[in-house]
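*Asks:* Here is how the chains run, residue by residue.
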Amino acid sequence: MTKVLDPTNEATPADIPRAARPETLDGLTVGLLDISKPRGDRFLDRIEERLVERGLRVERFCKPTFTKPAPVDLRHEIATKCDVVIEALAD
Amino acid sequence: MSLNESPALPDGLIAVVKKDCPTCELIVPVLLALEKETQLTVFTQDDPEFPAGIGKRQFDEDLALSWHHNIETVPTLLAVEGGKEVSRTVGWSRSNWESLTNISGLGPDLPDQRPGCGSLSVDPSISPDLELRFGGASFTARCVEFAALEDTHEALFNRGWTDGLPVVPPSEVRVAAMLKGTTRSPADIVASIPPDLAPCTVEKVAINAVMAGCKPEYLPVVLAAVEAVCTQTFNMHGLLATTMPHAPVLVVNGPITEQIGMNSGNNVLGQGNRANSTIGRAVQLVIRNVGGGRPGEVDRAAFGSPGKVGFCFAEREKDSPWPPISTMYGFPAGTNTVLAFPGEAPRNLVDQLSRDPDSLARTYAANLVSIQHPKLVLGFDAILAVAPDHSRVFKESGWSREQLASRINELTVRPGYELIRGAGNIPEGIPEGMKDLDLPKFRENGLHIVHCGGAAGLFSAIIGGWVNGAMGSDPVCVEITP
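Just so you know, the sequences run in chain order X and H.
Counting from 1 along the first sequence, just add 142 to a position and that's the residue number in the working numbering.
Counting from 1 along the second sequence, just add 61 to a position and that's the residue number in the working numbering.
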């Protein structure tokens, strides 16, 4: 991870805005992000089955802890590998 | 213990050493002897096994002790009482070590003295990190993280933070080092930067100066330049928003130009000198990033100019026939100043045959009238950059800057009826009502004659100005302070 100091007047958010939602999931890669809450994986396993049945590619990711934002390296990996992402919260 | 708390010193004697120091190797027998007779603790910087045979040996791996106790040389011997240093000696000197320890006959086989080596804690490749870690540097600017697999340079481009050329990533260590270039507080407000009129701190200027490639010693010049261009008089907002191509042209005077290695000679308006290239660029990055002034947005220039990346140079004072240009603005010669002039790209002007001042003035006048349009007068200033091959003529004939400027302006005078709209079958021109006046090209003090350039070449150069006065911009000269 590289850290730099923001050279701007900070009037805009530091984060890059979200990508637009696609019209269809056809041909896209779906990322499933487990935030590490108990049984979130069970929920995502079922979602993965349903998506794969529809012929979609699925990539699985997991945050180290649900108490903190995803590390920048994980965010970058998801953004690089996937077109859309589903994030699961479960208890 | 928190990071910026000083490590406690054990009482007795403390020697700070590193293996990669021949003097430290040399004095190992002395340390072994002292250990027998005194309370000696040896702190080693680079090798935990060094010096072999010392019982109370501690590894100053993070250099916390060395940094907090200002160890600049190894070996350093400290005498400590009640946790406080009472005396120290650096390097090896038998007499100094004997006097500090009150033990005689130390190192009988050693030479009387040997200088030490630099402490690792002051190694230029390490000390900025230590400064950040232990010095408690903190920043107001938010920290932005890029992923390890992200290309930092691409990420900086993608954020829109660059002028199209690569920038130096503004890491905390680099910004902390940059801030050492000024005595001003990082929180000081330098100016409100147009077009967003965002308040800009010394810290924000330092971040952009890092990105531009500045060294810390350039920072005072950048700060002064930012202050100069953000005045109402200079009108940076208008200069940015105009469809004309002009931008701040910075002329630096005073001893600081040589101290920071600025170029006033060969290729003075070109590439290749770090200070010239990066100071102007830092100012432009401040306008872009802090002010929000970007091409195609508030910056509406039709053409722009290569100088909009940054345009900064030093006046060649050493063999100039004239006092520094800053004296036009009331500063005594020898003052460090920066003059901000709203200028376009430079244009070369050839006269290889004139050898008297009046004929050179005629050449200058003939070229200068073309700035913006030969039929537009009084509304635009200019820098006339005179190189040594031309300036010699004025030096030998004793022509002052004022005399030259006045003669040039006299030679540009044309009857108003030649300049009015429609004259010469050109609609562009001055209003019809001025037809009966005789008009010079420049207003009073509009022509700025600056001495610079390489020693060979019978040339001068013109940097035309933007709209002057209350409608546009007036040049601003400010003092550079530490």
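Simulated from the structure, these hints should not be mistaken for lab results.
Cβ atoms here follow ideal geometry from the backbone N, Cα and C, with glycine treated the same way.
Do not take every clue at face value.
To be verified - Derived pair list, reagent style DSSO-like, types lysine-lysine, alpha-carbon separation capped at 30 Å: (1) Lys-379/H with Lys-436/H; (2) Lys-145/X with Lys-241/H; (3) Lys-145/X with Lys-145/H; (4) Lys-496/H with Lys-456/H; (5) Lys-241/H with Lys-276/H; (6) Lys-223/X with Lys-210/X.
Claimed, not checked - To be clear about the criterion: a stretch of chain X counts as covered by chain H if any three or more of its residues have a C-beta under 8 Å from a C-beta of chain H, and this derived list gives those stretches: (7) 151-158; (8) 214-221.
*Asks:* Give a verdict on every hint.
*Replies:* To see whether the hints hold, each was checked on the structure:
no.: 1; hint: Lys-379/H with Lys-436/H; verdict: 37 Å, violated
no.: 2; hint: Lys-145/X with Lys-241/H; verdict: 20 Å, holds
no.: 3; hint: Lys-145/X with Lys-145/H; verdict: 38 Å, violated
no.: 4; hint: Lys-496/H with Lys-456/H; verdict: 38 Å, violated
no.: 5; hint: Lys-241/H with Lys-276/H; verdict: 10 Å, holds
no.: 6; hint: Lys-223/X with Lys-210/X; verdict: 22 Å, holds
no.: 7; hint: 151-158; verdict: holds (count 5)
no.: 8; hint: 214-221; verdict: holds (count 5)
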